[in-house]
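Peer 1: One letter stands for each residue in the lines below.
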Amino acid sequence: MNKTLTINISGIIFNIEEDAYEKLKSYIAQIKSHFINDPGCDEIMADIEARIAEMLQAKSNQNKQVLIMADIDAIINTMGRPEEFDDNTNSRSQENKSSFSDGNNFTGNKKKRVYRNGEDKVVGGVCSGISLYFDIDPLWLRLAFGVSFLAFGSGLLFYILVWIVLPEAKTTAEKLEMRGEKVDINNIGKQVSEEFEKVKSKFENEAKDFKQNYRTKSKGAFGDFINFFVDVVTKIAYAFAKFIGLFFIIFGLALLIIFLSSIFGSSNVFHINNGAQSLSYSLKDLMVLLLNNDNQRNLAFIGVFLTICVPLIMLVYKGLRIILNIKYKNKIFGVIASVLFLVGISIMVYLIVDVANDFKKNGNSVDKFSFSPNGKVLTIETDDKDFDFVDTEEDEDINSLRLGKWNYKINDNTISMSNIQFDIEKSYTDSFELLISRMAKGATSKSAYARAESITYKFIQTDSTLILPSVFESEISDKWRGQKIRMKLKIPVGKTIFLAKNSEQIIYDVKNVTNTLDSEMVNRRWLMTTDGLSCVDCADISDRNNKKKNRKSSRQKIDEEDNTELDF
Amino acid sequence: MSLEQAKSQMKKGLLEFCILSVLSKKESYPPDIIDTLKSAKLIVVEGTLYPILTRLKNEGLLSYRWEESPSGPPRKYYQLTSEGKANLEELSNAWQEIVISVNKISKN
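Protein sequences, first through last, are from chains A and B. With the first sequence counted from 1, adding 1 to any position gets you this note's numbering. With the second sequence counted from 1, adding 862 to any position gets you this note's numbering.
The hints are simulated quantities; they were obtained by calculation from the structure and are not laboratory data. Take these hints with a grain of salt, some might be off.
For lysine-lysine, the following DSBU-like pairs were computed, each having C-alpha atoms within a straight-line distance of at most 35 Å [unchecked claim]:
1. Lys171(A) <-> Lys201(A)
2. Lys60(A) <-> Lys332(A)
3. Lys60(A) <-> Lys887(B)
4. Lys33(A) <-> Lys969(B)
5. Lys874(B) <-> Lys26(A)
6. Lys201(A) <-> Lys874(B)
7. Lys966(B) <-> Lys33(A)
8. Lys176(A) <-> Lys887(B)
9. Lys33(A) <-> Lys874(B)
10. Lys60(A) <-> Lys969(B)
11. Lys60(A) <-> Lys873(B)
12. Lys26(A) <-> Lys873(B)
13. Lys171(A) <-> Lys377(A)
14. Lys947(B) <-> Lys900(B)
15. Lys900(B) <-> Lys888(B)
16. Lys888(B) <-> Lys201(A)
17. Lys947(B) <-> Lys26(A)
18. Lys122(A) <-> Lys874(B)
Let's have the full structure, built from the sequences with the hints guiding it.
Peer 2: Here it is in structure tokens:
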């Protein structure tokens with residue numbers, strides 16, 4: 002039992018077995034690609050299809066309604082394979098005017114084409130074929146490709162791509178086409194104009210047929226105009242298509258190299274410096290921060306590679322097809338690319354879900370330290386370890402990563418993070434109290450708590466200073482799972498502190514009686530009163546605030562006056 | 863050039879001449895022409911013929927008319943145009959000359 006399909010050739014309906022159909026279809030496609038450059042292509046195809054229909058009709062009858070493989074084989078035998086046509090038709094045009102045809106009708110075939118050269122190959126005959134096209138020594142191309150293999154393998158990828166895109170020159174006609182005329186500026190121009198000639202002659206032929214069959218005059222001034230218009234539009238479209246193809250290739254390759262080096266290289270590929278902030282990241286660092294183990298990291302490499310590089314490769318592939326004017330279709334390539342892309346997407350989704358799962362629960366470990374400094378004023382300062390304050394221009398190998406507000410840096414066994422916030426409150430006892438909450442996230446509360454516990458943060462307290470480092474360390478095996486430190490300093494009423502200039506990095510929204518901003522709180526002394534923190538040495542600020550207030554109130558007065566005037 | 867290639871070159875040059883000759887006798891549709899050419903061992907496969915017919919038609923040497931077929935799609939019946947006839951005559955003369963010259967040379 003076999004599945005059959007119903008097909009229509011030249012208006013006749015046939016029942017045909019599936020495998021026989023596939024064979025017939027590919028046979029017709031082969032013939033079509035053989036004649037694709039012939040000006041009479043459509044007509045030849047119509048004739049051949051009509052003849053095939055006629056022959057098939059003769060093979061099916063009342064008793065045998067379904068066409069089978071043997072029938073198609075018989076047809077192909079009679080009609081002949083496209084290579085067999087060559088002997089008498091196409092190759093003649095390659096000899097250019099040696100026979101008694103004026104040659105004009107086959108100008109399309111004179112055109113040079115890129116093929117892989119199977120006769121002179123090292124790997125796939127790609128370099129050899131391309132060098133024949135441009136009439137250069139294949140050695141240089143091979144060298145160039147060899148060198149480009151070293152650039153993160155991008156050359157290798159490109160090579161394989163070209164290998165897939167380019168058909169190998171198999172028949173004599175193809176080999177002649179491959180060698181063809183030398184391609185230089187003149188020839189390219191000629192080629193372009195020949196393309197239009199082809200389109201034009203096709204139109205003319207159709208007009209001729211039309212006249213022949215219907216005996217009407219259709220071509221007047223209007224017809225000429227239409228032809229001219231079609232010519233111009235084709236010319237522009239052709240040039241534009243080539244341009245787009247070139248753009249595809251350059252754009253695709255550039256992005257490919259960037260991404261490949263970002264995946265396989267360890268350096269910061271993207272280094273964006275917009276003045277105030279500098280952002281640099283390498284995919285590798287990001288993966289170390291986020292992913293659980295080497296397996297996941299490898300999977301992520303594959304995922305990123307497939308989701309980003311496959312579309313880029315397809316882009317380059319399309320560009321190559323346009324530029325090299327390749328007509329034959331490679332369906333499998335498209336299917337494989339789509340499948341790989343979907344696999345890449347699935348991997349990414351899996352990893353994202355997996356990592357997100359590790360952020361489900363919060364863990365919080367609080368430590369409390371009480372102390373009574375001897376000095377009159379307690380100075381609160383931090384260190385300059387936070388990479389935010391390191392000039393990245395000077396220190397290129399700092400290798401830090403910025404996610405949102407915070408910086409991360411991967412060390413040998415630990416990750417340094419800067420997500421620290423410091424707040425001040427009133428103490429209800431006689432001593433200073435420092436509360437340090439170490440926080441992290443995890444899949445379970447237990448694992449989140451364990452992560453929070455493994456955060457290392459050491460502050461230094463001496464007689465009159467409290468040094469709170471601007472970064473803390475976390476085990477590299479803990480990954481980045483929202484680790485942060487929140488600190489609260491409780492100050493007894495009547496005690497004074499001094500906020501050092503660099504403490505601006507860690508203080509966050511510290512409440513005070515004058516509602517002074519964090520950035521203006523530093524470099525000043527603050528006294529804890531029963532109402533809250535109050536500035537000891539900010540005469541200038543209060544002055545400014547008062548002035549602002551005065552200005553505001555006077556403006557209000559004017560407004561009121563305006564209103565009253567209006568009322569009258 | 864191999865012997866096979868040489869033979870194929872000869873046939874190739876004469877193929878158009880032969881097609882025109884076949885059509886000069888009577889209007890016919892491609893399978894008829896193919897039968898004649900095949901029996902003369904000039905071509906092997908049918909696919910060879912269609913591009914040549916289309917080209918000769920586009921050159922104005924042939925014209926065709928449609929005819930309904932008892933079975934299958936309508937058939938194209940090709941015939942010579944007056945230009946085609948003139949062309950055939952010239953080719954025929956040229957052929958005679960060639961035969962004479964070749965005979966003269968190869969026999970001596």
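Peer 1: Mind listing which of the numbered hints don't hold for this structure, in increasing order?
Peer 2: Hints 4, 7, 8, 10, 13, 17 not satisfied by this model.
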